[in-house]
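There are 2 protein chains.
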Amino acid sequence: MAESPVIPIIGGTGALGAGLARRWARAGASIAIGSRSVERAEEAAAKLRSEVPEANAEGLLNEDAAGRAEIVFLTVPFRAQSENLNNLREALRPGQILVDCTVPLAAAVSGKATRSLGVWQGSAAQQAQEMVPDGVTVVAALHTVGAPTLANADAELDEDVPVCGDRKADKARVAHLIELIPGLRAVNAGPLEMARIVEQLTPMLISVNSRYKTHAGIRFTGLPDGTHWQ
Amino acid sequence: MAESPVIPIIGGTGALGAGLARRWARAGASIAIGSRSVERAEEAAAKLRSEVPEANAEGLLNEDAAGRAEIVFLTVPFRAQSENLNNLREALRPGQILVDCTVPLAAAVSGKATRSLGVWQGSAAQQAQEMVPDGVTVVAALHTVGAPTLANADAELDEDVPVCGDRKADKARVAHLIELIPGLRAVNAGPLEMARIVEQLTPMLISVNSRYKTHAGIRFTGLPDGTHWQ
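Protein chains in written order, with the working numbering: chain A, 1 to 230; chain B, 231 to 460.
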């Protein structure tokens, strides 16, 4: 399992989900691509297999994808986050970890992508924690890794992924999956409430990107060498 | 002037101000250390001269320090920001740039340093912009550079400084001063309203620091090489 995990991606046909799927497939993970439409999920899986010949990928309804492993990634736009979480209410089981990658960009309501919306619970991740069934734990991660960079097969990643969650053991399991992707280092950013800040990194990076015509990422300097997750 | 600028630091006897003063003095800038108490300002200037023998430093009342150069740094805690800005109302002149370094940590009201306060105007920097006299421009910067790292003469800096402001020319002038300090790179993070996000980086770093027992900084990866401020 640690050698070849299965990674379900809810919204795996979107830009972020597809980019992550591609990177994870290249790293040897099996991907369960979820979508509201099984046809689109199967199409995306076929595309992934054509791009990454060694890919082990299947296309499924989101609810079916969510059952494929204990750790499930939610990569939908903020506009669709609540709807997806409602649809997953019967699918998620106690003990599962939902990794929420949602960023509440004002673009969700036709505002700017350099601005964000206030979320009543404090962050999109905390909204997710409120909406998942009892016993499911939310971890927030992967907000700052750009879909265009993930999708570009020639682009080498070189950035950190702040991970927020209330239990270090959960974050460590998610970190293990994130670090399967070469060039990504998972950093423990604190409890889930820190998603209020980490989700804001994305509009900041979008602002920087527009000024530097690039796809910037985040690094923390000054951290000790080696892995921090044991 | 570009060779040996004068840098006024309001609140220059505090941890951040003193740390910046030390680094700038070592880089050859002349420092005007401001305080509410001229005695404490003079003490801090004497201490700086004893630590950095080549330092050109004077201690002044904040209001007097603010007149020493066009670009003035405000490095007081959030708790004291409004009071300081009130006191500077007669001292600041049109055409000056006030560089606000304030972070609205919840620690200001005996809360946690990993949490922040909501500021009515959106950010401490936007509050500053509302409070300065007409014609004075606020630029936000230097939130994420840690006072302990600045104060440690042996610590090499290796981090970026996101700079927010509504005019690129103003940010470029501030960036020039920031980049006098070896190891700091100023990054254009967008208009002043982006201080809403940039000010939040500090509580995030404090959270990371407590987990990794370090003094972390921020880097943007993927930016083009060379200076971006011409």
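One should not assume that every hint holds.
As the list claims (entries may be wrong) - Straight-line distance between alpha carbons at most 25 Å, and here's what the computed PhoX-like set of lysine-lysine pairs gives:
| no. | chain 1 | residue 1 | chain 2 | residue 2 |
| --- | --- | --- | --- | --- |
| 1 | A | LYS213 | B | LYS398 |
| 2 | B | LYS443 | A | LYS168 |
| 3 | B | LYS342 | A | LYS112 |
| 4 | A | LYS168 | B | LYS342 |
| 5 | A | LYS112 | A | LYS47 |
| 6 | B | LYS443 | B | LYS342 |
As the list claims (entries may be wrong) - Over the 12 Å line for every Cβ pair with chain A, so calculated as not near, a few chain B residues:
| no. | residue |
| --- | --- |
| 7 | ALA245 |
| 8 | ARG256 |
| 9 | GLY258 |
| 10 | GLY297 |
| 11 | ASP364 |
| 12 | ASP388 |
| 13 | ASP390 |
Source of the hints: derived by calculation from the structure; they are not laboratory data. Here the structure is a predicted model, which means the values were calculated and not measured. Don't be surprised by glycine CBs; every beta carbon is placed ideally from N, CA and C.
Right, here's what the structure says about each hint:
For a cut-off of 25 Å, the pair hint linking LYS213(A) to LYS398(B) stands: about 16 Å separates their Cα positions. Simply put, LYS443(B) and LYS168(A) have alpha-carbon atoms about 16 Å apart, close enough for the 25 Å limit, and the pair holds. For the hint pairing LYS342(B) with LYS112(A), the CA-to-CA distance comes to about 31 Å; that exceeds 25 Å, so the pair is violated. Among the hinted pairs, LYS168(A) with LYS342(B) is consistent with the structure: their alpha-carbon atoms are about 20 Å apart, no more than 25 Å.
About 31 Å separates the Cα atoms of LYS112(A) and LYS47(A), which puts this hinted pair outside 25 Å; it is violated. Distance restraint check for LYS443(B) and LYS342(B): the Cα-Cα separation of roughly 17 Å lies within the 25 Å cut-off, and the hinted pair is therefore satisfied. With 12 Å as the threshold on Cβ separation, the claim that ALA245(B) sits away from chain A holds: the shortest Cβ distance comes to roughly 17 Å. For ARG256(B), the condition that its CB be more than 12 Å from all CB atoms of chain A holds, with the nearest at approximately 20 Å.
The beta carbon of GLY258(B) is kept farther than 12 Å from every beta carbon of chain A, the shortest such distance being approximately 25 Å. The beta carbon of GLY297(B) sits about 33 Å from the closest Cβ of chain A, which is more than 12 Å, so the claim that it is off the interface holds. Annotated as non-interface, ASP364(B) keeps its C-beta farther than 12 Å from every C-beta of chain A; the closest such distance is 26 Å. Here ASP388(B) does not stay apart from chain A, with its beta-carbon only about 5 Å from theirs, under the 12 Å limit.
Remark: the non-interface label on ASP390(B) conflicts with the geometry, its nearest Cβ contact in chain A lying 9 Å away (cut-off 12 Å).
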